[in-house]
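Q: First residue of the sequence shown: 45, per this note's numbering; consecutive thereafter.
If you are wondering where the hints come from, they were derived from the structure by calculation, not from laboratory data. Any given hint could be a false lead.
Derived pair list, reagent style BS3-like, types lysine-lysine, alpha-carbon separation capped at 30 angstroms [to be verified]:
| no. | residue 1 | residue 2 |
| --- | --- | --- |
| 1 | K123 | K196 |
| 2 | K89 | K283 |
| 3 | K172 | K89 |
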Amino acid sequence: MNKKDIPEPRILIDQDRRAAALNHIRQDVELKKVRYSPSKLQILKIQLQYISKEYWSGQALLAAAAILLFTQYGVVPDKMQEYLIGASMLAALMGLVSVFEISRSLSWNMAELEQSCFLNLGQIWSIKMLISGAIDLCILTAMIFSVADKVKYSIFAVCLYILVPFVVSNVCYLFFVSAGRNSGRKWIQIILAVFLCIGSAIPAVIPRVYRTVYLPVWTAVFLIGTILLAIEIYALLRKLKTGGKELCWN
45 MNKKDIPEPR ILIDQDRRAA ALNHIRQDVE LKKVRYSPSK LQILKIQLQY ISKEYWSGQA
105 LLAAAAILLF TQYGVVPDKM QEYLIGASML AALMGLVSVF EISRSLSWNM AELEQSCFLN
165 LGQIWSIKML ISGAIDLCIL TAMIFSVADK VKYSIFAVCL YILVPFVVSN VCYLFFVSAG
225 RNSGRKWIQI ILAVFLCIGS AIPAVIPRVY RTVYLPVWTA VFLIGTILLA IEIYALLRKL
285 KTGGKELCWN
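Please model the entire structure based on the sequences and the hints provided.
A: Next comes the structure, spelled out in structure tokens:
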């Protein structure tokens, strides 16, 4: 009799055990990490490594300048005008430290290097801007509320007098960062900062701009500046998201 004609014994399969085995395999596949996905806290810790010591030194100098300004003028009610002018000029300088840190990625083709190394340049810049914004707002809040009970103006007016130079200066700094070739160079930003400081000191020459009648103008400038700042940040991050060619070739 030919062996081919001999029927092979049928192998009985336990369907329950088969289903359990497949289910176990499925669970192992789902639990297996195909790629590393750090948590938000881990991302923050990782990105903090890319922030330079010069940046932290700059922020420390700004905080020290704010304290010095308060000790010189903030404790004397008769010198509130000088304090507000000094605080406005300091507010106009705050964004410069952040821009210097961001501009490091635009120096010597660093943006191209970071992008080619698969570093998330948009994430790095977002973390830097968030940290800078938080530190700047803390300093600004301290400068405003430390003299809230000494000035003759309302707290709303004091906020506007100090925040308007801060917002307008940041709009100008970010505009020059994303404007075009060589826009990230420090000397350009420094010259811009000098003009912004001079502009912030206008109330020293024209003190009537601090009158209540001009509050609507201050409010309008603040709102327009805030909108433009949001647009600048969005446009900057969008350029990075779409490849960052305009920034990488700066």
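Q: May I ask which of the numbered hints given earlier this structure violates, with the numbers listed in increasing order?
A: Of the numbered hints, all hold.
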